Amino acid sequence: GEDVEQSLFLSVREGDSSVINCTYTDSSSTYLYWYKQEPGAGLQLLTYIFSNMDMKQDQRLTVLLNKKDKHLSLRIADTQTGDSAIYFCAERGSGTDKLIFGTGTRLQVFP
Amino acid sequence: DAGVIQSPRHEVTEMGQEVTLRCKPISGHNSLFWYRQTMMRGLELLIYFNNNVPIDDSGMPEDRFSAKMPNASFSTLKIQPSEPRDSAVYFCASKRGGASDTEAFFGQGTRLTVV
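Chains as they are written, first to last, in the numbering used here: chain A, 709 to 819; chain B, 405 to 519.
In short, the hints are calculated from the structure, not lab data.
The model shown is predicted, which means the values in this text are computed figures rather than measured ones.
Where a beta carbon is used, it is the ideal one built from N, C-alpha and C, also for glycine.
Some hints could be false.
Restraint-style ranges between C-beta atoms, simulated for each label pair [stated by the list, open to error]: (1) T738(A) / K482(B): 45 to 51 Å; (2) I409(B) / R721(A): 25 to 31 Å; (3) A749(A) / E466(B): 25 to 31 Å; (4) Q767(A) / G407(B): 43 to 49 Å; (5) I409(B) / F717(A): 29 to 35 Å; (6) A406(B) / S736(A): 32 to 38 Å; (7) R413(B) / S719(A): 26 to 32 Å; (8) N760(A) / E466(B): 36 to 42 Å; (9) R721(A) / T480(B): 24 to 30 Å; (10) E422(B) / Q767(A): 44 to 50 Å; (11) P458(B) / S736(A): 18 to 24 Å; (12) P819(A) / I409(B): 32 to 38 Å; (13) P747(A) / R468(B): 40 to 46 Å; (14) D766(A) / E466(B): 36 to 42 Å.
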């Protein structure tokens, strides 16, 4: 079945770049997503990438997709304390609305 | 639109009791998802509906769990009887269907504690 994996924790200094990694198994994935969850809240979509792209940039966020290795990453430039949250990678297979999420990576930004 | 609305926000119940979680999706969205979030297992998809019909319930942990969507604006997730290991945050999400539509919108979640 489909599986999405992420490392559990990442700690960075304010102003540095953060890179959060994700691997997935479903070769039919059409869309891959990054969601952010702040404490006590639901998930909010940050950005997504279509599977025929290898990079997408949106302000401080850069998404890289290596479809051959089934590897997705999210780079946050100039990380701020407000970026501290849990970041979820998710994939959506072909012909379905079903979203499969990773375990989430808790990003801690320290001054 | 107010977004996806879940109720209650918090629920504390005793083991063995029935628990019903409620969700109102965003108007016009025809896909609805129930997820469970725990520290150990992350965010797990329990079931999803398309046009009020259950499409995939393979994530429902056992027969104690059931979900319904009687109409396009309401869904319930019921646990009967509840057990302490059901303690988690339960999220409902909705999206417009279709290949080109990308974003699922999440509710604030229901934090369930079974004692």
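Now the hints, each set against the structure:
As the Cβ distance of T738(A) to K482(B) is approximately 32 Å, the hint placing it in 45 to 51 Å is violated. The hint said 25 to 31 Å for the Cβ distance between I409(B) and R721(A), and at roughly 39 Å that hint is violated. Between A749(A) and E466(B) the CB atoms are about 29 Å apart, so this pair conforms to the stated range of 25 to 31 Å. For Q767(A) paired with G407(B), a C-beta distance near 23 Å fails the hint of 43 to 49 Å.
Between I409(B) and F717(A) the Cβ separation comes to about 32 Å, which falls inside the hinted range of 29 to 35 Å. One distance hint, 32 to 38 Å for the beta-carbon pair A406(B) and S736(A), holds here, with the actual separation near 35 Å. A hinted range of 26 to 32 Å for the beta carbons of R413(B) and S719(A) is consistent with their spacing of about 30 Å. For the pair N760(A) and E466(B), the supplied restraint of 36 to 42 Å holds, since their beta-carbon distance comes to about 39 Å.
At about 45 Å, the beta-carbon gap between R721(A) and T480(B) misses the expected band of 24 to 30 Å. Remark: the range hint 44 to 50 Å for E422(B) to Q767(A) is upheld by a beta-carbon distance near 47 Å. Our hint of 18 to 24 Å for P458(B) and S736(A) holds, since their Cβ atoms are close to 22 Å apart. Separated by about 37 Å at the C-beta atoms, P819(A) and I409(B) satisfy the suggested range of 32 to 38 Å.
The beta-carbon spacing between P747(A) and R468(B), approximately 29 Å, falls outside the hinted interval of 40 to 46 Å. Checked against the hint of 36 to 42 Å, the C-beta distance between D766(A) and E466(B) comes to roughly 41 Å, which is consistent with it.
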